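Participant: Take these sequences, add in the hints, and give me the full structure.
One line per chain: the protein sequences are F and U, in this order.
Sequential numbering from 397 applies to the first sequence in the working numbering.
Sequential numbering from 8 applies to the second sequence in the working numbering.
Calculated from the structure, these hints are not laboratory results.
Possibly wrong hints are sitting among the right ones.
[As the list claims (entries may be wrong)] Which chain F residues face chain U? A few, computed with CB under 10 Å, are given here: (1) Glu399; (2) Thr419; (3) Asp429; (4) Asn462.
Since the model is a prediction, treat every value here as computed from it, not as a measurement.
All residues carry an ideal CB built from backbone N, CA and C; glycine is no exception.
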Amino acid sequence: MAEDDELASLVERYQHRLYRYLTRLVGPGAAADDLFQQTWLNVVRQLGRYDGRRSFDTWLFAIAHNAAIDVLRRRPGESLDEQTGSWPAAGPDALDMVLNAERAAILASEVDALPALYREVVTLRFEEGMKLEQIAEVTGAPLSTVKSRLQRALEILRRSLSDRWRKEDLL
Amino acid sequence: MTHEEVRALLAMSAAGSLDAAGERAVRDHARDCAECAAALRTFSELAAVLSTRPAPALPLGLLLVTQARMTAELAISAERRRSVWIAVAAALFAWMINMATYALIRWWRPELSPVLAWLALSVATACVAAPAAAIVAQKRRMERRMS
Chain F
397 MAEDDELASL
407 VERYQHRLYR
417 YLTRLVGPGA
427 AADDLFQQTW
437 LNVVRQLGRY
447 DGRRSFDTWL
457 FAIAHNAAID
467 VLRRRPGESL
477 DEQTGSWPAA
487 GPDALDMVLN
497 AERAAILASE
507 VDALPALYRE
517 VVTLRFEEGM
527 KLEQIAEVTG
537 APLSTVKSRL
547 QRALEILRRS
557 LSDRWRKEDL
567 L
Chain U
8 MTHEEVRALL
18 AMSAAGSLDA
28 AGERAVRDHA
38 RDCAECAAAL
48 RTFSELAAVL
58 STRPAPALPL
68 GLLLVTQARM
78 TAELAISAER
88 RRSVWIAVAA
98 ALFAWMINMA
108 TYALIRWWRP
118 ELSPVLAWLA
128 LSVATACVAA
138 PAAAIVAQKR
148 RMERRMS
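Facilitator: Shown next, in the form of structure tokens:
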């Protein structure tokens, strides 16, 4: 019963953060809802293997990451596996003005259009506030890979946003 | 550091993921390089917006459904653990009974060959234990189905 109560309070504590992470990864809707439940069921099943010296955050998000991998693998071009293809290079600098709501909305759609690999590190770094080492632990990727994914993600965003904002006269 | 080297660090600087030396190198260079200063400003704006994106709302009822499924999963896990302990205890008990009975037979009929006595005892134990185990397993299956 005590275990049940502790788990219930953990779910309440992490519900919004976990749901946000899953939604960023697989998009809103049934897939995120299923993954949310699956993650917590896996937490129950793997509770005996949790090392109390490790951060619960990274352990929980690593479980969620592993659950999301299978879902994303079934979507063309959305895998969380390492990709060998090249992404567009960074373009010229542009954004000097203060960001407004419209620009923020465009940014949201651009983030959603990023490959899942990059979307994940961006979410974990900026929304979850995780350090790169923690992100490496969650994703099971080497630190250098995490760094390069984050750098590439920001470069892609900067380039595509510059183009879009310029087109829409938001600059 | 060269312009290109610093250029490669700008995104990480905006992400707050550079060490002190890297951060210093970026700031020093950006003071004299308009291009890098502009890029750094852009990355910083991006980082600020990314940190304040609105969170999606949790669907109504998802929390309760999840907690209910977790409670059920906990019960299944506890049941599984209990079953393992019961099996271990039963095996230990059967072994002790077997050894005691063997000692009793040897004391009662010392002329019997030890191998023969042991074989007879093993067959008798298996004949009793196998149906008992099957009955217990069937009962637990039915209990699980009922719950």
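Participant: All hints, please: hold or fail.
Facilitator: Verification of the supplied hints:
1. Glu399: holds, 6 Å
2. Thr419: Hint holds; F/Thr419 Cβ to chain U Cβ min 4 Å, cut 10 Å.
3. Asp429: holds, 6 Å
4. Asn462: With Cβ-Cβ at 17 Å, over 10 Å, it is violated.
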